[in-house]
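Just so you know, the protein sequences line up as chains Z and H, in that order. Position 62, counted from 1, in the first sequence is what numbering that gives the first Met the number 0 calls 61; the numbers after and before it change by one each time, with no gaps. Position 1, counted from 1, in the second sequence is what numbering that gives the first Met the number 0 calls 0; the numbers after and before it change by one each time, with no gaps.
Take the hints with a grain of salt, since some may be wrong.
[To be verified] Chain H residues, not near chain Z, derived (Cβ > 10 angstroms throughout):
# : residue
1 : N3
2 : K5
3 : L51
4 : K63
5 : L77
6 : L81
[Stated by the list, open to error] List of simulated lysine to any residue pairs, SDA-like, C-alpha gap at most 25 angstroms:
# : chain 1 : residue 1 : chain 2 : residue 2
7 : Z       : K76       : Z       : E150
8 : H       : K78       : Z       : E150
9 : H       : K30       : Z       : N164
It is worth saying that the hints were derived from the structure and are not from the lab. All figures in this text were calculated on a predicted structure; none of them were measured in a lab. All C-beta atoms in this analysis are idealised placements derived from N, C-alpha and C, irrespective of residue type, glycine included.
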Amino acid sequence: MAEKTHTLNTNKWIDNYADYLYNYTITRVNNSDLAKDLVQDTFFAGLKSAKNFQGKATERTWLVSILKRKIIDHYRKINSKKGQAEVRMNFYDDGENEGSWLEERVPQSWDNASEKNIENEELRNQLEGCINKLPEKYAMVFRMKTVQEFETAEICKELEITSSNLWVMIHRARTQLRKCMEDNWFNN
Amino acid sequence: MFKNLKITCDQATTICDKNQYSEASIKELIKLNIHLIKCRICAVYTKHNITLTNFYKGYSQHCKALKNCMSAEDKEALKTALEQNKE
Chain Z
0 MAEKTHTLNT
10 NKWIDNYADY
20 LYNYTITRVN
30 NSDLAKDLVQ
40 DTFFAGLKSA
50 KNFQGKATER
60 TWLVSILKRK
70 IIDHYRKINS
80 KKGQAEVRMN
90 FYDDGENEGS
100 WLEERVPQSW
110 DNASEKNIEN
120 EELRNQLEGC
130 INKLPEKYAM
140 VFRMKTVQEF
150 ETAEICKELE
160 ITSSNLWVMI
170 HRARTQLRKC
180 MEDNWFNN
Chain H
0 MFKNLKITCD
10 QATTICDKNQ
20 YSEASIKELI
30 KLNIHLIKCR
40 ICAVYTKHNI
50 TLTNFYKGYS
60 QHCKALKNCM
70 SAEDKEALKT
80 ALEQNKE
């Protein structure tokens, strides 16, 4: 049986795929303007390489594969800035105190934790604020793993990173989030 | 033998984070639990981590329920830009 061949209909791209691609992007980058730019770049790139479309995949799958590449390019760009922007904050690694168990480093008591649940909009906003304060690459990986609940292998494949890299980033993201929530929510 | 099971606080908290997604291996969990017996700080970290994980799960459900769409104006602008790009 002959394999079904798909065709491109560029006139319908915006109506058919703009929302899907935008939703796909916003869950990864959480920045509306950036997501719109990436979607636009995807359509432009699609248009440019339309002649290379072989029709083996659907239009949407093909556009998503272009978008994924755009997201990886963006991820690489922010990753290359890490020397300038990264705030290294492991739980126990600042300078000469590395590994020491100092009393003042004991995490603060969160007595009121049980009274506050995520249904509270204020808490949700605070959490969102803390996530937005993370370095962009950590925020991206954290959102994909924790908020969108993607499989580890899927994230590693999509961002072209190893699982060790992923866990280090998750650890740093969670450590910074814990500190931010402690300062702005639990001890406030 | 027990030397292999000794880990630093940073390794312990990393395993603890991994375990929040149920992705820590048995060996890692053994190391973590041995560490937690003697390290009060990491024990508190673990307790807080569980609280935060519950918050994150609630936040995740809230985010997943949201459907993000582009506005009609944005779509129109995109259509125009795409048309211009075709020429």
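Checked hints:
With a least CB separation of 18 angstroms from chain Z, H/N3 remains clear of the 10 angstroms interface cut-off, as annotated. Under the 10 angstroms C-beta cut-off, the non-interface status given to H/K5 relative to chain Z holds; the minimum distance is some 12 angstroms. Its beta-carbon lying about 6 angstroms from the closest one in chain Z, H/L51 breaks the requirement of being farther than 10 angstroms from that chain. Its closest Cβ contact with chain Z, about 7 angstroms, brings H/K63 to no more than 10 angstroms, contrary to its assignment away from the interface.
Not every beta carbon of chain Z lies more than 10 angstroms from that of H/L77, the smallest distance being close to 5 angstroms; the non-interface claim is violated. Not every CB of chain Z is more than 10 angstroms from the CB of H/L81 (nearest about 6 angstroms), against its label as outside the interface. As the CA atoms of Z/K76 and Z/E150 are separated by approximately 23 angstroms, the hinted pair is consistent with the 25 angstroms bound. Using a Cα cut-off of 25 angstroms, the hinted pair H/K78 and Z/E150 is violated, with the two alpha carbons roughly 34 angstroms apart.
Annotation: proposed proximity of H/K30 to Z/N164 holds, straight-line Cα distance about 21 angstroms (limit 25 angstroms).
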